[in-house]
Amino acid sequence: MVKLTKRFVESLNPNSKDIIIWDEQLPRFGIRVKPSGHKSYILQYRKRNQDFTSKRLTIGPHTLISAEEARIKAQKILARILDGEDPVEDKIKSKNALKVKDLCSLYLKEGV
Numbered sequence: 000m001v002k003l004t005k006r007f008v009e010s011l012n013p014n015s016k017d018i019i020i021w022d023e024q025l026p027r028f029g030i031r032v033k034p035s036g037h038k039s040y041i042l043q044y045r046k047r048n049q050d051f052t053s054k055r056l057t058i059g060p061h062t063l064i065s066a067e068e069a070r071i072k073a074q075k076i077l078a079r080i081l082d083g084e085d086p087v088e089d090k091i092k093s094k095n096a097l098k099v100k101d102l103c104s105l106y107l108k109e110g111v
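For the sequence shown, numbering that gives the first Met the number 0 begins at 0 and goes up steadily by one.
For the record, the hints were derived by calculation from the structure and aren't laboratory data.
These figures come from a predicted structure and were not determined experimentally.
Any given hint could be a false lead.
DEER-style ranges, computed between Cβ atoms [as the list claims (entries may be wrong)]:
id: 1; residue 1: F51; residue 2: E109; range: 36 to 44 Å
id: 2; residue 1: R45; residue 2: M0; range: 13 to 21 Å
id: 3; residue 1: T57; residue 2: G83; range: 15 to 23 Å
id: 4; residue 1: N12; residue 2: K108; range: 15 to 23 Å
id: 5; residue 1: V1; residue 2: K33; range: 13 to 21 Å
id: 6; residue 1: P13; residue 2: C103; range: 40 to 48 Å
id: 7; residue 1: D101; residue 2: R6; range: 41 to 49 Å
id: 8; residue 1: L105; residue 2: K33; range: 36 to 44 Å
id: 9; residue 1: D101; residue 2: F7; range: 38 to 46 Å
id: 10; residue 1: S35; residue 2: L105; range: 32 to 40 Å
id: 11; residue 1: S65; residue 2: Q43; range: 16 to 24 Å
The C-beta atom is built at its ideal place from N, Cα and C for all residues, glycine as well.
My request is simple: use the sequences and hints to build the entire structure.
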């Protein structure tokens, strides 16, 4: 484990498989390097009151967010997880929720 910094992350080269390097400062926070060279900050966690399945959440791409900003976001997400939230489940629910476009179509079609 190393402290993730801009210089360190930019020095990482892609491999034939995903590479994940964990941060020494914040447990469960790391950088994932895809074979394509794309680098994203990630957070891995487990919900205690569930089946202890490990989940990974992408925080953001290295091109748009610094290691320090990603670490701060990861800390905030971990605090939410300790409060009982599940960011991956929230993301899934958000994707499955009806959009305004869908609601308008439903209203025009059925008058509901």
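Now for the hints, and whether the structure bears them out:
For the pair F51 and E109, the supplied restraint of 36 to 44 Å holds, since their beta-carbon distance comes to about 43 Å. At roughly 19 Å, the beta carbons of R45 and M0 sit within the given window of 13 to 21 Å. Distance hint for T57 and G83: a CB-CB separation of about 21 Å, consistent with the stated range 15 to 23 Å. Separation of N12 from K108 is about 53 Å and departs from the stated range, judged on CB atoms against 15 to 23 Å.
Take V1 and K33: their Cβ atoms lie about 19 Å apart, and the range 13 to 21 Å holds. Take P13 and C103: their Cβ atoms lie about 43 Å apart, and the range 40 to 48 Å holds. For the hinted restraint 41 to 49 Å between D101 and R6, the CB-CB distance of approximately 46 Å keeps it satisfied. Checked against the hint of 36 to 44 Å, the C-beta distance between L105 and K33 comes to roughly 38 Å, which is consistent with it.
Our hint of 38 to 46 Å for D101 and F7 holds, since their Cβ atoms are close to 44 Å apart. Separated by about 39 Å at the C-beta atoms, S35 and L105 satisfy the suggested range of 32 to 40 Å. Take S65 and Q43: their Cβ atoms lie about 20 Å apart, and the range 16 to 24 Å holds.
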